[in-house]
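Chains as they are written, first to last, in our numbering: chain L, 1 to 305; chain H, 1 to 440.
Check before you lean on any hint, since a few could be wrong.
Once the Cα atoms are required to be at most 25 Å apart in a straight line, the calculated SDA-like pairs of lysine to any residue come out as [as the list claims (entries may be wrong)]:
(1) Lys292/L x Lys55/H
(2) Lys151/H x Ala168/L
(3) Lys164/H x Lys292/L
(4) Lys397/H x Phe417/H
(5) Lys55/H x Arg385/H
(6) Lys95/L x Met246/L
(7) Lys236/H x Thr262/L
(8) Lys79/H x Gln95/H
(9) Lys45/H x Arg46/L
(10) Lys55/H x Gln95/H
(11) Lys231/H x Phe305/L
(12) Lys45/H x Ala288/L
No lab work stands behind these hints, which were simulated from the structure alone.
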Amino acid sequence: MGFFDFFKGIFRKKEKPTPSRESIIASKLKSIFREGRKDPLREAERILIEADTGIDVTLELLENISKDRAYLKDYEALETALKREIRTALSGSEKGLSYGPGKSIILVCGVNGTGKTTTCAKLALLLKNRGEKPALAAADTYRAAAGEQLDIWAQRISVRLYRQDAGADPASVVFDAVTSFQKNPDHNCLIIDTGGRLHNNENLLHQLEKIRKVIHKASGSFPAESLLILDGNTGQNAVNQTETFMKVSETTGLIVTKMDGTAKAGILINLYKKFGIPIKFIGTGENAGDLKAFSVNEYIERIFF
Amino acid sequence: MLENIKDKLNAILSKLKGKHLTADLVEKILREVRIALLEADVHYKAASDLIAAIKEKAVGEKVLQSLTPYQQIIDIVYKEFTSVLGGKEFILEPQRGRLNVWEIVGLQGSGKTTNTAKIAYFFKAKGFKVIVASCDVNRPAAIEQLRILAKSNGLDFFENSEKKAAAIAKKAREHAERTGCELLLLDTAGRLHIDKDLMDEALDIKKLAKADEIVLVVDAMIGQQAAVMTKEFHEKLSVTGAVLTKLDSDTRGGAALSVRHISGAPVIFAGTGEKIGDLEYFYPERVASRILGMGDLLTLIEKSKESFDEEKAKESVEKLLKAEFNFNDYLEQMKELKKMGSLESLMEMIPGFSSMNKQMRAQIPTENDLKHIEAMILSMTPAERIDPRTIDFSRRKRIAKGSGNSLDDVNRFIKNFEMSKKMMKKSNFKKMFKNMNFPM
Numbered sequence: 001m002g003f004f005d006f007f008k009g010i011f012r013k014k015e016k017p018t019p020s021r022e023s024i025i026a027s028k029l030k031s032i033f034r035e036g037r038k039d040p041l042r043e044a045e046r047i048l049i050e051a052d053t054g055i056d057v058t059l060e061l062l063e064n065i066s067k068d069r070a071y072l073k074d075y076e077a078l079e080t081a082l083k084r085e086i087r088t089a090l091s092g093s094e095k096g097l098s099y100g101p102g103k104s105i106i107l108v109c110g111v112n113g114t115g116k117t118t119t120c121a122k123l124a125l126l127l128k129n130r131g132e133k134p135a136l137a138a139a140d141t142y143r144a145a146a147g148e149q150l151d152i153w154a155q156r157i158s159v160r161l162y163r164q165d166a167g168a169d170p171a172s173v174v175f176d177a178v179t180s181f182q183k184n185p186d187h188n189c190l191i192i193d194t195g196g197r198l199h200n201n202e203n204l205l206h207q208l209e210k211i212r213k214v215i216h217k218a219s220g221s222f223p224a225e226s227l228l229i230l231d232g233n234t235g236q237n238a239v240n241q242t243e244t245f246m247k248v249s250e251t252t253g254l255i256v257t258k259m260d261g262t263a264k265a266g267i268l269i270n271l272y273k274k275f276g277i278p279i280k281f282i283g284t285g286e287n288a289g290d291l292k293a294f295s296v297n298e299y300i301e302r303i304f305f
Numbered sequence: 001m002l003e004n005i006k007d008k009l010n011a012i013l014s015k016l017k018g019k020h021l022t023a024d025l026v027e028k029i030l031r032e033v034r035i036a037l038l039e040a041d042v043h044y045k046a047a048s049d050l051i052a053a054i055k056e057k058a059v060g061e062k063v064l065q066s067l068t069p070y071q072q073i074i075d076i077v078y079k080e081f082t083s084v085l086g087g088k089e090f091i092l093e094p095q096r097g098r099l100n101v102w103e104i105v106g107l108q109g110s111g112k113t114t115n116t117a118k119i120a121y122f123f124k125a126k127g128f129k130v131i132v133a134s135c136d137v138n139r140p141a142a143i144e145q146l147r148i149l150a151k152s153n154g155l156d157f158f159e160n161s162e163k164k165a166a167a168i169a170k171k172a173r174e175h176a177e178r179t180g181c182e183l184l185l186l187d188t189a190g191r192l193h194i195d196k197d198l199m200d201e202a203l204d205i206k207k208l209a210k211a212d213e214i215v216l217v218v219d220a221m222i223g224q225q226a227a228v229m230t231k232e233f234h235e236k237l238s239v240t241g242a243v244l245t246k247l248d249s250d251t252r253g254g255a256a257l258s259v260r261h262i263s264g265a266p267v268i269f270a271g272t273g274e275k276i277g278d279l280e281y282f283y284p285e286r287v288a289s290r291i292l293g294m295g296d297l298l299t300l301i302e303k304s305k306e307s308f309d310e311e312k313a314k315e316s317v318e319k320l321l322k323a324e325f326n327f328n329d330y331l332e333q334m335k336e337l338k339k340m341g342s343l344e345s346l347m348e349m350i351p352g353f354s355s356m357n358k359q360m361r362a363q364i365p366t367e368n369d370l371k372h373i374e375a376m377i378l379s380m381t382p383a384e385r386i387d388p389r390t391i392d393f394s395r396r397k398r399i400a401k402g403s404g405n406s407l408d409d410v411n412r413f414i415k416n417f418e419m420s421k422k423m424m425k426k427s428n429f430k431k432m433f434k435n436m437n438f439p440m
């Protein structure tokens with residue numbers, strides 16, 4: 001059954017047999033090819049794809065909506081239904097930071113350039129403002145001046161930083177930092193900044209595994225939070241990133257950065273459906289205070305903005 | 001992932017065998033292509049435009065003898081991609097004998113600082129007098145980062161105590177002019193395309209430093225925002241070229257298409273790693289196939305089209321089928337194969353090969369085997385090559401000596417050759433060849 005037939009059916013209000021899943025998807029795909037046709041489905045499709053929602057999730061969402069033909073009449077109704085659909089898909093994705101009681105370690109990782117170092121500083125300030133006693137550890141010893149960058153942040157927000165010389169082995173930096181942290185009664189949270197690593201770089205992934213083992217060895221437990229920092233501008237590759245980091249560092253939450261621009265991060269729907277990892281915060285600027293709890297409602301509004 | 005695509009292609013290939021390029025067929029295949037594009041993060045609008053252009057070209061196209069309709073359309077798609085991406089690599093070099101100023105701009109975290117150093121290193125190696133300067137007064141330790149990168153790689157770094165980005169740029173230009181530099185690279189702060197103040201700052205830098213090139217650094221893993229961002233940067237600064245970074249990740253890199261489609265500016269460099277030397281010119285054809293996610297098949301299509309002499313191939317297949325195949329034909333076939341690349345790489349390109357079990361794989365001669373075989377044939381006299389039956393014991397001994405193989409090797413080779421010929425005669429290879437998409 002073609003897409004047009006499907007539509008004709010709706011508008012003539014004739015009874016038609018419910019099309020199979022395959023045929024609905026096929027007709028949706030056909031819709032993609034009918035250029036210049038401003039139908040609500042097509043408009044919704046464009047908005048979702050342009051928000052980086054990805055083709056699979058977009059088609060799935062539209063398919064669910066199309067079951068109720070009332071929504072196909074005008075775009076407004078469709079959008080409302082879509083928003084509801086996304087809200088359902090993301091239910092349970094808002095979750096705060098877990099730490100304490102006692103000493104907690106927060107491990108921060110991700111691919112290059114997502115904003116790990118800045119986010120570490122933001123997290124430290126957030127914890128400090130909550131009355132916790134955070135410290136930072138600079139385990140990115142590869143990137144030039146990464147340690148200095150975190151050092152400047154630590155001074156700005158008056159938080160203790162554990163660091164060693166550039167080029168030191170990250171795992172040994174972590175071991176020393178965790179050991180000192182465990183003994184130091186002045187701190188109850190340690191945020192560890194790690195170097196950017198591409199998720200297909202085996203060596204760097206092994207290094208991350210080693211860092212986790214070292215944390216366990218030095219503190220007796222794995223990190224309370226293992227946070228993956230995702231650039232909000234990332235496209236479909238975010239799926240591969242999350243999948244790998246989940247395996248290697250047992251990711252407990254996502255932080256999506258650079259959300260003060262036009263990024264919509266539609267990929268989060270797919271990520272939450274696939275992996276069920278909660279989204280803890282979004283980064284909304286270059287200042288230490290620019291970290292907000294993730295809100296599904298705000299997120300949805302952003303997609304359709 | 002790649003295996004899935006190959007399997008999918010196989011399924012489609014078997015369905016479409018023997019058809020012509022009708023509008024319906026083209027549409028069916030382009031639907032797959034469109035999904036591939038969107039999965040690769042090509043911008044929605046850019047994908048639509050491309051598909052429309054390709055559709056026009058593909059319908060009614062004459063199917064080449066060596067290709068199936070599917071391969072033919074993919075080939076058209078690939079050509080279109082490559083041309084949209086700029087065709088050949090765009091070799092941008094500073095002009096010698098005068099100062100060139102390149103301003104490096106982009107979103108936060110795209111890799112501006114690293115690539116400023118990489119580009120400097122790249123041109124220093126080509127003999128240019130290069131200096132780098134950091135105008136990033138925003139990110140903590142950004143200036144320090146470039147200083148360290150420069151110092152540890154023997155690059156000149158512009159030291160100064162200015163606090164404003166534009167002032168640094170101006171001073172840097174003056175300094176570069178004074179010291180007779182040919183290329184000044186200005187690293188700038190990461191900025192959001194909607195941040196008016198910072199975008200103004202980038203424009204000030206451009207004006208004050210009289211920048212010749214505005215190089216936009218783009219993270220290859222970026223999604224649909226690539227287009228939005230490029231548009232803003234281009235409207236404000238007139239981007240003249242782009243660097244696609246982090247191409248060593250497993251991203252499909254659709255951003256390349258979006259950037260080019262929106263700005264018209266070529267992608268010049270590809271960043272392929274964290275080390276200073278990990279920068280190369282951007283090859284549109286490589287990324288075109290990466291975006292399509294059908295790289296292997298594309299390479300095979302190209303190679304079989306370019307290097308395979310169809311007439312010769314036909315002739316030898318016919319001979320083969322009549323079992324008149326002799327060592328001269330064998331040699332000819334080997335030459336044709338060689339033109340297409342190593343045998344192993346060719347085999348890997350054939351859909352389904354990788355799913356073959358080890359035993360079956362072991363039957364296929366390796367590159368090294370082929371060398372030995374070639375040597376053996378070349379050690380034969382013309383008469384021996386035409387009629388293998390004339391090769392007796394003493395001739396075999398001579399061939400072994402002449403080709404540097406053992407007598408056993410020669411015996412085995414001739415025996416296998418005769419057996420293959422017999423098999424060809426018996427079995428229905430004729431049918432098999434007809435069914436193969438791979439030109440033989």
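Comparing the hints with the structure gives:
1. Lys292/L x Lys55/H: With Cα atoms ~46 Å apart, Lys292/L and Lys55/H exceed 25 Å; violated.
2. Lys151/H x Ala168/L: holds, 19 Å
3. Lys164/H x Lys292/L: violated, 30 Å
4. Lys397/H x Phe417/H: holds, 17 Å
5. Lys55/H x Arg385/H: The given pair, whose Cα atoms are some 50 Å apart, is violated under the 25 Å limit.
6. Lys95/L x Met246/L: holds, 17 Å
7. Lys236/H x Thr262/L: holds, 17 Å
8. Lys79/H x Gln95/H: violated, 31 Å
9. Lys45/H x Arg46/L: holds, 9 Å
10. Lys55/H x Gln95/H: violated, 41 Å
11. Lys231/H x Phe305/L: Given pair Lys231/H, Phe305/L holds - Cα atoms ~19 Å apart, limit 25 Å.
12. Lys45/H x Ala288/L: Distance of about 36 Å is beyond 25 Å: violated.
The structure is inconsistent with the numbered hints 1, 3, 5, 8, 10, 12, although it conforms to all the rest.
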